[in-house]
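Assemble chain B with the ligands onto chain A, guided by the hints.
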Amino acid sequence: MKILVCISHVPDTTSKINFTEGDTKFDSNGVQFVINPNDEFGLTRAMWFKEKQGANVTVANVGGPETEPTLRKALAIGADAAIRVNTAANDGFQVANELAQVVNDGGYDLVIAGRESIDYNGGMVPGMLAALTNANFVANCIGLEIDGTNANAVREIDGGKETVSTTLPLVIAGQKGLVEESDLRIPNMRGIMMARQKPLTVLEPKGAAEETSSVKFEKPVPKGAVTLVSPDNLDELVNLLHNEAKVI
Amino acid sequence: MSVLVYTESDNGTFKKVALEVASYGKAVADQLGTTLTAVTINAKDTSILGNHGVDKVLNVTNSKLETFNANAYAEVIKQAAEKEGTKVIIVSSSADSKYLAPLLAVGLNAGYASNVVEAPSSTSPFTVKRTAFTNKAFNITSIDTDVKLIGLSKNAFGLKEHSASATVEDFSPSIPDNGVHVDAVDKVTGKVTIADAEIVVSGGRGLKGPENWGMLEELAQVLGAATACSKPVSDLGWRPHSEHVGQTGKPVASNLYIAIGISGAIQHLAGINASKVKVVINTDPEAPFFKAADYGVVGDAFEVVPKLTEKLKAFKAQQ
Ligand SMILES: Cc1cc2nc3c(=O)[nH]c(=O)nc-3n(C[C@H](O)[C@H](O)[C@H](O)COP(=O)(O)OP(=O)(O)OC[C@H]3O[C@@H](n4cnc5c(N)ncnc54)[C@H](O)[C@@H]3O)c2cc1C
Ligand SMILES: Nc1ncnc2c1ncn2[C@@H]1O[C@H](COP(=O)(O)O)[C@@H](O)[C@H]1O
Numbered sequence: 000m001k002i003l004v005c006i007s008h009v010p011d012t013t014s015k016i017n018f019t020e021g022d023t024k025f026d027s028n029g030v031q032f033v034i035n036p037n038d039e040f041g042l043t044r045a046m047w048f049k050e051k052q053g054a055n056v057t058v059a060n061v062g063g064p065e066t067e068p069t070l071r072k073a074l075a076i077g078a079d080a081a082i083r084v085n086t087a088a089n090d091g092f093q094v095a096n097e098l099a100q101v102v103n104d105g106g107y108d109l110v111i112a113g114r115e116s117i118d119y120n121g122g123m124v125p126g127m128l129a130a131l132t133n134a135n136f137v138a139n140c141i142g143l144e145i146d147g148t149n150a151n152a153v154r155e156i157d158g159g160k161e162t163v164s165t166t167l168p169l170v171i172a173g174q175k176g177l178v179e180e181s182d183l184r185i186p187n188m189r190g191i192m193m194a195r196q197k198p199l200t201v202l203e204p205k206g207a208a209e210e211t212s213s214v215k216f217e218k219p220v221p222k223g224a225v226t227l228v229s230p231d232n233l234d235e236l237v238n239l240l241h242n243e244a245k246v247i
Numbered sequence: 000m001s002v003l004v005y006t007e008s009d010n011g012t013f014k015k016v017a018l019e020v021a022s023y024g025k026a027v028a029d030q031l032g033t034t035l036t037a038v039t040i041n042a043k044d045t046s047i048l049g050n051h052g053v054d055k056v057l058n059v060t061n062s063k064l065e066t067f068n069a070n071a072y073a074e075v076i077k078q079a080a081e082k083e084g085t086k087v088i089i090v091s092s093s094a095d096s097k098y099l100a101p102l103l104a105v106g107l108n109a110g111y112a113s114n115v116v117e118a119p120s121s122t123s124p125f126t127v128k129r130t131a132f133t134n135k136a137f138n139i140t141s142i143d144t145d146v147k148l149i150g151l152s153k154n155a156f157g158l159k160e161h162s163a164s165a166t167v168e169d170f171s172p173s174i175p176d177n178g179v180h181v182d183a184v185d186k187v188t189g190k191v192t193i194a195d196a197e198i199v200v201s202g203g204r205g206l207k208g209p210e211n212w213g214m215l216e217e218l219a220q221v222l223g224a225a226t227a228c229s230k231p232v233s234d235l236g237w238r239p240h241s242e243h244v245g246q247t248g249k250p251v252a253s254n255l256y257i258a259i260g261i262s263g264a265i266q267h268l269a270g271i272n273a274s275k276v277k278v279v280i281n282t283d284p285e286a287p288f289f290k291a292a293d294y295g296v297v298g299d300a301f302e303v304v305p306k307l308t309e310k311l312k313a314f315k316a317q318q
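Chains as they are written, first to last, in numbering that gives the first Met the number 0: chain A, 0 to 247; chain B, 0 to 318.
Okay, chain A solo, but in the shape it has when bound (with noise of 0.2 Å):
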């Protein structure tokens, strides 16, 4: 089974997000990137499909040079290969487009991307590349089997769980649950020298169209100032959720 385990190159969690040139762009200074916390469940996921049922994994990012130290990281995790495809990331339908390319080209019976990433929250690359690639898809994957190319996964639903069977080739879209937090890996420092060793292709895009493009960004009104209630007051708890906020 060849596994492509599409990860997105992302601020870290704790960054602050600022913007430069007039708010047009993300101010990446200082900031510190990541590997999504979606995709690391799914590339997680695959590291388990290999040492236990002989996958290929490859890993896939469209970017910039930038992005290679969060690729050669997950070749440290374990993945066997990587491809960039060098081209700045835009819109969602572009990424798709470009890593549909990769998909067709490289013959990939699963490919593993995560739910949403953290940056810009689309959401919309896993879909994308399974109707760009006739592949079937399943969204918010939580749990994920293979056998042949017959495949069984379990998938969050708003207020539970659905269990669902499907085929190869499949595109999932990956989140926590998809592997135990305890199982994720940190490199290790005989991955890190394994992975100067393994191949990280640059590719140059197709030239997929945009569809859409960032006009700009904002931030949130800053708040005001928290009112504080006494623990011995909270009738005035109750009066202000009813009459102030009315929330009750």
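Simulated from the structure, these hints should not be mistaken for laboratory data. A quick note: this is a predicted structure, and the numbers were derived from the prediction, not measured. Please note: incorrect hints may appear among the correct ones.
[As the list claims (entries may be wrong)] Simulated DEER-style distance windows between Cβ atoms:
1. A:S164 / B:A313: 48 to 58 Å
2. A:T226 / B:D299: 13 to 23 Å
3. A:Q31 / B:D299: 50 to 60 Å
4. A:E217 / B:L158: 41 to 51 Å
5. B:E285 / A:K245: 51 to 61 Å
6. A:G147 / B:T66: 19 to 29 Å
7. A:D231 / B:S123: 18 to 28 Å
8. B:N61 / A:G105: 33 to 43 Å
9. B:P284 / A:K245: 20 to 30 Å
10. A:G190 / B:D145: 20 to 30 Å
11. A:Q31 / B:D145: 50 to 60 Å
12. A:I185 / B:L158: 30 to 40 Å
13. B:N61 / A:E217: 41 to 51 Å
[What the hints assert, rightly or not] Distance condition first, Cα-Cα at most 27 Å in a straight line; then the derived BS3-like pairs of lysine-lysine:
14. B:K15 / A:K160
15. B:K190 / B:K290
16. B:K312 / A:K245
Built from N, CA and C at the ideal position, the CB exists for glycine as well.
Only chain B with the ligands this time, still in chain A's reference frame:
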């Protein structure tokens, strides 16, 4: 040319998000000087849609669509859009709509903007405001394609009433074969889900152990609220993973979010920031959550929560 909204129902009854997309769709239709069409799938009574601005309902009834299937549902909406010659399609941010929207976008060659929070600031170019960086910022996005798809954030636009009635037309699209089969659904019944809740009561590590959740559940019950928790609480197994909210958990966009014994770490706040009003109960006046909250009680949850529950019970009894 009308604007099209997909109004979701659950067991035949419209979800609140359906009425939100209708209200939003009406605003967009007015901006564009056109009418609003809604497509419904196995809904029982569509009359309420007129009250939220819908002019025409395309009513689909088909037993093949009894359980949700992203491909099939996307195909139904696509055929409705083609029939109406629609240029703007609007869906909600429910788990189902987020699942089908990317498929629909590809099917219609539509540029897709998700997590949209306001009516378009301009219709030419077509620009919308959406959340980015997990609610830490907004992005103004222009959708540059002829056909446009909008995913509306929950609880962002609100419900708008219009006194009108919609015409209803039966619509029978062709349904594709499904590649994904639902074998079993395991859904908690009789409990408010975090996704649908107007009020969420959430507990953190400050509650010390799973045995102390009774008082939270009681508070939630009085308020008709869903219960949620911080990440360590679900990691420790005190509460199910499905209750974990925050950046890596479920997003919360309720009217009221009550955080009890939660410190307010950036990853927690990122996921709940879209909630309108936040109340914090914490022993530590320096807890970062107080900076993000509207109302705060500095005090011990074990004293404050039962007292607050009593006060609310009395308040509800008066109403
Ligand atoms: C990549 C990443 C992703 C993450 N994603 C999430 C996420 O999605 N959601 C999330 O929640 N966290 C997430 N976290 C974890 C987050 O950083 C915090 O560790 C977590 O939110 C803290 O949980 P807590 O507030 O329950 O616990 P603590 O930080 O231990 O806070 C407990 C609070 O309870 C108060 N307290 C103690 N006793 C009482 C009492 N008797 N009455 C009232 N208050 C009391 C304390 O003053 C304290 O403020 C993530 C972390 C990382 C690194
Ligand atoms: N630039 C990218 N390169 C590779 N994969 C990506 C990229 N952007 C998004 N993805 C994948 O798509 C998922 C959802 O991202 P998004 O649609 O941006 O929210 C991510 O978790 C990744 O798996």
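- Message: Tell me the hint numbers this structure goes against, listed in increasing order.
- Response: 3, 4, 5, 7, 10, 11, 12 and 15
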